[in-house]
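Going down the list, the sequences are from chains R and E. Just so we're aligned, residue 1 is where the first sequence starts under our numbering, counting upward by one. Just so we're aligned, residue 1 is where the second sequence starts under our numbering, counting upward by one.
It is possible that some hints are incorrect.
[To be verified] Far from chain R by the CB rule (all over 12 Å, computed), these chain E residues:
1. 15
2. 61
3. 71
4. 72
5. 89
6. 90
7. 93
8. 97
9. 98
10. 151
11. 205
[Unchecked claim] Distance condition first, Cα-Cα at most 30 Å in a straight line; then the derived DSBU-like pairs of lysine-lysine:
12. E:53 / R:459
13. R:459 / R:415
14. R:31 / R:71
15. R:26 / E:53
[To be verified] Okay, the calculated bits of chain E under chain R, using three or more residues with CB under 8 Å as the criterion:
16. 2-8
17. 18-29
18. 77-86
19. 109-120
20. 166-179
Calculated directly from the structure, the hints in this document are not laboratory data. Treat the numbers as computed from the prediction; the structure is a model and nothing was measured. A virtual CB, placed ideally from N, CA and C, is assigned to each residue, including glycine.
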Amino acid sequence: MARQRIDELVAAMPADRRAAVYAGTKTTHEKRTLLLADHFTDPDQLRRWAGEIKQHVLENLDTYLPQVEAKLRANGAQVHWAATGDEACAAVLRIMQARGATKMVKAKTMVSEEIGLAAYLEQRGIEALETDLGEFIVQIDHDHPSHIVRPIIHKNRAEIARSFEREGLGAYNDDPETITRRARQYLRHKYLAADVGLTGANFVSAESGRLVVVTNEGNSRFSLAAPTCHIALVGIEKLVPRDRDLALFLNLLARSATAQALTVYTEFISGPKLATQPDGPEEMHVIFVDNGRTEVLAGDCREILRCIRCGACLNVCPVYRQASGHAYRSVYPGPLGAVLSPLLAGGHFAEKADLPKASSLCGACNEVCPVNIPIPDLLLRLRDRAKREHAPAAAAGTPPMGAWAVLASRPAIWKAALVAGRILNWLPLGLIPVPAVRAWAARRTLPAWQGGEFRRWLKHRSRS
Amino acid sequence: MSDSREQILGRVRDALAPLTRRAPLPDWDETLAIRRGSRGAIDLWTLFAERLKSVNGTPLTAAADLLALLEAGGWRHGYCDPALWPRLREAFPAGFTVETEFDRRRLDDYQFGITAATGAIAETGTLILSDRDTSCRLGALAPWVHVAVLRPEQIFPDLPAAIASLPRDPNVIWVTGPSKTADVEGILIEGVHGPGREIALLLPS
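Extracted from the complex, chain R is given alone in its bound form (with noise of 0.2 Å):
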């Protein structure tokens, strides 16, 4: 019986790096809670209204989809649309090739981890820049971001330090102010010799077709403030209706995300620059992603759609905070990534078939989720499709039912068992030399057995 690939990694990972997520993460999350009871008087109205929105936008894509490409057009911007990640890609090289461009400067976009697009474009001869502080040290060290919205929150700052002496970017310095120094200064010349800014969207209006992008940093504003080209890559989830319902998201996601009111940079872009602009792009295209989506919205997952990956739910999950980003083997992780990594999958279903087990289905996810998504619900519909598929990474770790099965569907043993159960308060369980066994008593206690209690509770109670 072998374990969870989850678990292999959480215990192969140093404890300092446990302590750093788990500290990060509660911080964020008792931050998040108290800014958002404090600011607004009825806060659980709003992720209601939010997921209640965003579940509108997707059951009316077909209409929504045309409406924001002609909107787009009309702004100015040329439209292409990617059925893959590999299209994806693709597009953003010819747009590139077209212009005869050899460097980005790319603002963070977790669709950009999706499709692997700057390993594809630096194959391709093309310099794709990572300008998020957290993503750019992500970069240098050839590592993965390990949560959504704070890449290197598995990172201490001599890591870091020792990868900028590494990469030449001055002696060895700890320093998180002389860290964010020299970072600025080296992006800002970058930023200047680059052909094309790349960025994502967090929402995308319908009703204007303006994107907008949100940085605490300043790095997309850069990325279209010295390229002379704009590309964002958008999956086709990220539709709002109208602009009236961006008050209400930007809101949820800054107090979600960071507990801030407001992310500082909320930029609306809606084509390219105005003439008499000097800096910025000249030419706008938005690639509307699908790889994988449609297939997500046909299934009875497709409320994680709704997703503003704001985080939330990674900080607050009691499995996240011990086991970290990368041990879920995806580049969605936490609560919404047990549900979205095996989804997006596709035909790979199987392999990240485990992830939805990773959870104690304790609920909080749903709780902190600004668009209110059911996230236990999910996770047990992947339950069960895991079992139905017979994927073997999801039965790792699970012990055979079968005797129990013979045990719940006979009285009279199951009364027996009660009271034999009571063996298991003398047994050392570390001692048992059944691998699975010893494995689960090495980290966790049993409470007493306490069996048949109950039923003596009930007798006793329903003659009284």
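Guided by the hints, dock chain E onto chain R, whose structure is given.
Chain E in isolation, oriented as in the chain R frame:
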């Protein structure tokens, strides 16, 4: 590419076809999405200034205060929107170098940049910039100090009001305090790629 378009839209239609009923668009109440204590403020500038300070921005009401701040920081070389310079020139004593054209090849020379704001949002302490009013995107972004010149009648009370009046402009950006990060061990550092000091200067029209 158009094949992909048809493929994606076809899949979307197929995915939605079995739905007997589609989720309606809720008519949400924007007064519930406004931060407590933001509506009904007697003076929008006062609320704006308070909220801007809470995100480490700096509200100022006189050019002389700006000069004192620049002097104290040792920031003596900067850029100013040519349309604003005639009004501000008098306030700048000798010893300051102010250019009205931003030369991106000398990006690091500029310690401050002064541009015009399109508006502001009191609820969040946000400055609104747009292509039409910002003389140069880099001039408002690259220098360590950014000064946005604001008129009193340009302040919106809250986000819904500002969204309802989003300028018809290809690029509108809301700036709420200085550029910041908490990527390294969750420690707040200001001035990552954008300004480390964000200043709103209120001048009457």
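*Run the structure past the numbered hints and jot down the numbers of the failing ones, going up.*
1, 12, 14, 18 and 19
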